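Student: Chains as they are written, first to last, in the numbering used here: chain A, 1157 to 1368; chain B, 1157 to 1368.
Just so you know, these hints were derived from the structure itself, not from any lab. Honestly, I wouldn't trust all of these hints.
[To be verified] Computed spacing ranges between beta-carbons, pair by pair:
| hint | chain 1 | residue 1 | chain 2 | residue 2 | range |
| --- | --- | --- | --- | --- | --- |
| 1 | A | E1181 | B | Q1204 | 25 to 35 Å |
| 2 | A | A1280 | B | Q1204 | 49 to 59 Å |
| 3 | A | E1295 | B | Q1189 | 55 to 65 Å |
[Said to hold, decoys possible] Quick look at which bits of chain A chain B covers, simulated, 3 or more residues with Cβ under 8 Å:
| hint | stretch |
| --- | --- |
| 4 | 1286-1295 |
| 5 | 1319-1329 |
[Stated by the list, open to error] Sample of chain A residues with no beta-carbon within 10 Å of chain B, all distances over it, derived:
| hint | residue |
| --- | --- |
| 6 | L1169 |
| 7 | G1171 |
| 8 | D1207 |
| 9 | G1235 |
| 10 | W1245 |
| 11 | P1251 |
| 12 | E1263 |
| 13 | R1264 |
| 14 | G1272 |
| 15 | W1335 |
| 16 | G1337 |
| 17 | E1340 |
| 18 | Q1342 |
| 19 | G1355 |
| 20 | T1357 |
| 21 | L1359 |
Only a predicted model underlies this, so the values are computations on that prediction, with no experimental measurement involved. The beta-carbon is built from N, C-alpha and C at its ideal position, and this holds for glycine as well.
Protein chains: 2
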Amino acid sequence: MQRTRVHNFSISLDGFAAGEPQSFETPFGHAGQRLHQWMMATRFWSEQGSDGVDNAFAVRHSDGIGAEIMGANKFGPPGWADDPSWRGWWGENPPFHTPVYVLTQHERPPLEMEGGNVFHFLKASPAEALATAKQAAGELDVRIGGGATVVRDFLAAGLIDHLHLVVVPIVLGRGARLWYGLEEVQEGFDVESVGSPSGVTHLTFTRRDTAS
Amino acid sequence: MQRTRVHNFSISLDGFAAGEPQSFETPFGHAGQRLHQWMMATRFWSEQGSDGVDNAFAVRHSDGIGAEIMGANKFGPPGWADDPSWRGWWGENPPFHTPVYVLTQHERPPLEMEGGNVFHFLKASPAEALATAKQAAGELDVRIGGGATVVRDFLAAGLIDHLHLVVVPIVLGRGARLWYGLEEVQEGFDVESVGSPSGVTHLTFTRRDTAS
Ligand SMILES: NC(=O)c1ccc[n+]([C@@H]2O[C@H](COP(=O)([O-])OP(=O)(O)OC[C@H]3O[C@@H](n4cnc5c(N)ncnc54)[C@H](OP(=O)(O)O)[C@@H]3O)[C@@H](O)[C@H]2O)c1
Ligand SMILES: NC(=O)c1ccc[n+]([C@@H]2O[C@H](COP(=O)([O-])OP(=O)(O)OC[C@H]3O[C@@H](n4cnc5c(N)ncnc54)[C@H](OP(=O)(O)O)[C@@H]3O)[C@@H](O)[C@H]2O)c1
């Protein structure tokens, strides 16, 4: 059964997935790299990395995924849509290796890069975008890659089957907020949590009727 | 060394320590009893309860505490200050067994009850109230009992040495919010987290220079 999954989505204790302001120099605003330090310390990220609970979760990112959907603010800093030469943050061989659907009001032609990465830019409802991505993914699952707005919208629309959150023990106070308009969103999910020696907490939400 | 501690303070994933509206019939609003189910299932609460990680944290509530400070909205529902017969939620032998300082704009004479419980009502800054409670506690520690406003104010004033939070896997969406005005409050604390089979996550913040 084809599922829609979120992986390694990192939030502060107060629920922010990025600080502010987002810019080319500071993609995560005043959060800096703190939301992803746990991941950069894993073997998933580099061969010298740790191979414990953080890594076990991190590697699931690429496991059985056939397409990603991301928001405009993950693809680039404010203003990227006005710069025809912007090709994303990730160099010529981004780490997705699938079709990627960038939700944006500013559509442009597809961008084909190395390693099986093709970026498509579309303006569509979450359900429409998901239908397109599922078709592109074939038998495989679709990853919702963030940011906060996109994860929130897909959760609110009831489209997420599996959500992996990483709660980082910092209080950001401001930024891109996940928990808004999601009252009782946990209904229908089995929720597990486990602390890691790195200090983060992994939370998984698995929709009951798709737990298979 | 005398410390100022918070125990068993239970919040939703989105950081609410109570739902709304708070009333005599619904002290926790639309949260119902969900924020404290983990605690009511422990041996700390009843002899048939569980005796694992949840209980290990729960029992620390009373361990070495010589006084409590609580907010007006923990002591009673909206309007209690206009009712001279209101004696708190807890019957004639409340579970504190120490002096309790109720922060309120509506001062009234002390209320002496069974089991060593004496409620004092005072209008004072967090630092002033803490000085009073510390004196009453003698060699023992002071517990900050909540609700959210009071815990937040004491955290913001830098007065908390140990904070035990219990994150319950529900999204309340509205209510009494802990994470507000606390940007970077984690600085100076060692933070640990551990998941429990009950589904909650225990987080502890221990101030570095008082870890003793
Ligand atoms: N913490 C993590 O794990 C994590 C993961 C991924 C990203 N991030 C970070 O999160 C931040 C971005 O998050 P965010 O919440 O600001 O934004 P976002 O979710 O990346 O993107 C939101 C934007 O996407 C466009 N969009 C969304 N839905 C659309 C739809 N249905 N149709 C057309 N356009 C749509 C709109 O942009 P336009 O109207 O401008 O086109 C909208 O403002 C970045 O800093 C990123 O690095 C964090
Ligand atoms: N989740 C948990 O673990 C937990 C723990 C404890 C309580 N709770 C719940 O949390 C809710 C109450 O939280 P809350 O944030 O609404 O209120 P609260 O923190 O209990 O009380 C805030 C009120 O106390 C008074 N106050 C606070 N600081 C003061 C000061 N320095 N001087 C004078 N008065 C002061 C003010 O009331 P006035 O101006 O009206 O006097 C203020 O509105 C209740 O539902 C309670 O059951 C939950």
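Student: If a hint holds in the structure, say so; if it doesn't, say that too.
Tutor: Verification of the supplied hints:
no.	hint	verdict
1	A/E1181 <-> B/Q1204: 25 to 35 Å	violated, 58 Å
2	A/A1280 <-> B/Q1204: 49 to 59 Å	holds, 54 Å
3	A/E1295 <-> B/Q1189: 55 to 65 Å	violated, 44 Å
4	1286-1295	violated (count 0)
5	1319-1329	holds (count 6)
6	L1169	violated, 7 Å
7	G1171	violated, 6 Å
8	D1207	holds, 20 Å
9	G1235	holds, 26 Å
10	W1245	holds, 26 Å
11	P1251	holds, 28 Å
12	E1263	holds, 33 Å
13	R1264	holds, 35 Å
14	G1272	holds, 35 Å
15	W1335	violated, 4 Å
16	G1337	violated, 8 Å
17	E1340	violated, 6 Å
18	Q1342	violated, 5 Å
19	G1355	violated, 6 Å
20	T1357	violated, 4 Å
21	L1359	violated, 7 Å
Comparing the model with each numbered hint stated earlier shows that hints 1, 3, 4, 6, 7, 15, 16, 17, 18, 19, 20, 21 do not hold.
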